[in-house]
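**Q** If you want the building blocks of each chain, they are given just below.
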Amino acid sequence: MKNIFNKIPLLFTLFLFCVFLIFLLQDKNPAHPPSALLNKEIPRFQAEDLIKNNFIIDEKILYGKKTLINFFASWCSPCKVEHPMLIEISERHSDILLIGINHKDKKSDALNFLKIGNPYEHIAVDSEGSIAMNFGVFGLPETFITNEKGKIIFSHIGPITEKIYNEKIKNLL
Amino acid sequence: MIYTGQFLIIFSLLNNFISLLIFFYNLKTKSLLIEKIFLFLTRLNTLLIFLAFLFLMYLYIISDFRNINVFFNSHIDKPLIYKISGVWGNHEGSLLLWILIMSIYTFVFSFNRSLDNKTKNLTIFFQTTMILGFLVFMLLTSNPFIVNLSNISQGMGLNPILQDPALAIHPPLLYFGYVGYSLILSFALAGLINNKIEISWIKTAKKYSMFCWLMLTFGITAGSYWAYYELGWGGWWFWDPVENASLMPWLAGIALVHSLQIANNNTQIKKWVIFLSILCFSLSLFGTFLVRSGVLMSVHAFANDSYRGIFILIIFFIVTGFSFLIFLIKTNTIEKEPSVLVFNKFTALIINNIVMTIACFTVMLGTIYPILLETVTNERITVGAPYFNSTVVPIVLPGLLLMAIAPTLAWKNNKLNEKKSYLTIFLLIIFLLLATYMFSDQNLWGLIGISVGIWIIIASIIQLFKKNAKKQIRLYGGLISHIGVGILILGITISSIWQKEFIVNIEVGEEIIVNNYKLKFENLKESKDQNYVSLKSKFIISNKTNKIGEIEAEKRYYPVSKTVTTEAGILHQIQRDIYVVLGENLNNEWLIKVYFNPFISFIWIGAFIMAIGGFISLGRK
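In order, the protein sequences belong to chains U and F. This note's numbering applies: residue 83 is where the first sequence begins, and numbers increase by one. This note's numbering applies: residue 526 is where the second sequence begins, and numbers increase by one.
Each hint should be verified, as a subset may be incorrect.
[Claimed, not checked] Straight-line C-alpha distance at most 25 angstroms; calculated SDA-like pairs for lysine to any residue: (1) K89(U) to I843(F); (2) K122(U) to E904(F); (3) K233(U) to E899(F); (4) K561(F) to I535(F); (5) K89(U) to K721(F); (6) K186(U) to V1089(F); (7) K233(U) to T902(F); (8) K233(U) to I906(F); (9) K122(U) to L898(F); (10) K89(U) to I854(F); (11) K721(F) to I90(U); (12) K870(F) to I1141(F); (13) K1087(F) to G240(U); (14) K855(F) to I86(U); (15) K189(U) to R126(U); (16) K89(U) to N791(F); (17) K250(U) to T900(F); (18) K252(U) to E904(F).
[Unchecked claim] Computed footprint of chain U on chain F, listed as stretches where at least three residues anywhere in the stretch have a Cβ under 8 angstroms from a Cβ of chain U: (19) 798-812; (20) 894-900.
Hints listed in this document are in silico derivations from the structure and should not be mistaken for laboratory results. The structure displayed is predicted, hence computed values, not measured ones. Each residue gets a CB set at the ideal place from its N, CA and C atoms; glycine is no exception.
Okay, chain U solo, but in the shape it has when bound:
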């Protein structure tokens, strides 16, 4: 019995070490919290389309299809970095819907940006940033994936890289 007391500090140290080691190795960044919307219904939104004039996009458009929603802007350089990856995703998974949300941007700049290629089926104009607000967007670029019922099943802050695609996104699409 008396030995147990002596062992507790050592065991506790070991326990703390393991927990924190796992935490660090999981590469979680407290600056990038997981989205509060995960496993929740997608927030409602309504916006005009950047390219198709007089077309209004809202959340109903993505019911029934797996959808990847990507917040981007022409002024955001990581968005440029991730753009080719998005194009590749749109080619590899032709059955999914890809929606871009153009965040606080000028129309002309955004159109210019898309000259390198347009992976999106629809692009919602969010010049005021209100859609981003409803989605709780932390920083650009940010990506959400919803299932057929419009439920958010994945969110990611920062550019989508090959690694992230392979590890986290591929199986979801």
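Position chain F relative to chain U; hints supplied.
**A** Positioned in the frame of chain U, the structure of chain F alone reads:
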């Protein structure tokens, strides 16, 4: 020339390594000459690190941007004092400070004469090993001396929020506490291995643990005072993980200081003392890990690098794990039940220890629980002030009630000197408390806090002036510290429960009435300082008849880092602070926040008196 720092560090690394070899060699030969060389190398090492530190400071002062650390954290236009404090205002430099302070403690310890050589050398050996570990860590992950020879004429500047006198001294003070505990850990291990936990050991441990604790007290106070006027939130303690990281060793330190009083003849207590000695530095290391690894979000966002984090975690694990392993192996000896059932000083000190340890682990639980949960379930929660306030306060309450009379309790028997007078005062205070509570609608916790504070102060003062004080002169330090605690409790209770906050819109020249005081927005001036542009607003406060004072609340814009900081304007009075924060400008109207913080100055006065009490007890023989 620019490589001097690198050389000094590598020199010191080699020196430490040789020291260790010599130590092992001398285990067999036991030559006195070699022992002297060992001590000499230890002292030489302190000199090397000190020179390296001075060199880094020199680079900061002359703004030599070829050094990457200076480039990232300094700027030509910065005032000299912040060039100097910039040395430890960043991860790399503060690590060098950490190592420096560790060596200074070893240096001072190497002159100790009251201990037997075996324990002394073994302590220095453990210190040297740890210093070596930290040097390796610094060189591999956070070298402050990396050179970039391209010609750069301007640096990136120090985070403006850190450019502040209280914060310039905060880290060194804190480190003198934090890092000092490393020596106590080494010393405990040495004593444990040599089976020499005797009177001379206890005496030495008392001195060092008291000194570390009081430096930690100063450091935490400076930090919290800074948070009070710089962050502009009207509060002074936010249960931020980093604050908790310094609070945990502080609480364990209180327990250590008190348990050393009763360690003399009791093996059980000696074991506990060893445990606490190890715990204090382990908590310091653990706190450092929390702050530096980026596992927690906090005001003190330091280095967010998981590689560094793993390194510190490993250091923490090796040091703490090894220490507790020795603790496990070496303490399986005699067990004798202490007589805790009698109400004497011994019991009181044990209760103090239980209370402090539980409080310490309660804080720890709140700090790490979110991480535990996230690791296991991937769910993210925040544990905030409500948890800490509602757990820590009731936990420490019995300890606080007891501390007022504990110093007068007798050591052996069951006798409380002058029982009657204490009982009278205590009952009187309880009666007043109940009466006030019944007949007014004041906050119960507030009343309890005030009663406890007054109870501690009165009881301690009585003991201080008691006729037979001559006999008790060695208790002065402790009693003064206890008075400090009483004042601190009054400050904490009154300021947090009766704080008033007002948010008002006001135009320049306008006069409004806030909380029965007239507040006039006298003027608004823009001026340029050495490295920032400042917007100063002047307010005049008066009551119904007279002017009470002026307040200058300020906003500063630092062009280098493009940040705005707020400097709250505070009118300090003993019984109340009036605290004004200048907010945003909306069509000629300024949004200002006015806080009335009653008795908040008692917090810093109390903490200061606590530390002074610690100083006084250092002096006793």
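**Q** Indicate, hint by hint, whether the structure satisfies it.
**A** Going through the hints against the structure:
no.: 1; hint: K89(U) to I843(F); result: 16 angstroms, holds
no.: 2; hint: K122(U) to E904(F); result: 15 angstroms, holds
no.: 3; hint: K233(U) to E899(F); result: 22 angstroms, holds
no.: 4; hint: K561(F) to I535(F); result: 23 angstroms, holds
no.: 5; hint: K89(U) to K721(F); result: 22 angstroms, holds
no.: 6; hint: K186(U) to V1089(F); result: 24 angstroms, holds
no.: 7; hint: K233(U) to T902(F); result: 20 angstroms, holds
no.: 8; hint: K233(U) to I906(F); result: 22 angstroms, holds
no.: 9; hint: K122(U) to L898(F); result: 21 angstroms, holds
no.: 10; hint: K89(U) to I854(F); result: 9 angstroms, holds
no.: 11; hint: K721(F) to I90(U); result: 24 angstroms, holds
no.: 12; hint: K870(F) to I1141(F); result: 21 angstroms, holds
no.: 13; hint: K1087(F) to G240(U); result: 24 angstroms, holds
no.: 14; hint: K855(F) to I86(U); result: 14 angstroms, holds
no.: 15; hint: K189(U) to R126(U); result: 23 angstroms, holds
no.: 16; hint: K89(U) to N791(F); result: 21 angstroms, holds
no.: 17; hint: K250(U) to T900(F); result: 18 angstroms, holds
no.: 18; hint: K252(U) to E904(F); result: 23 angstroms, holds
no.: 19; hint: 798-812; result: holds (count 5)
no.: 20; hint: 894-900; result: holds (count 4)
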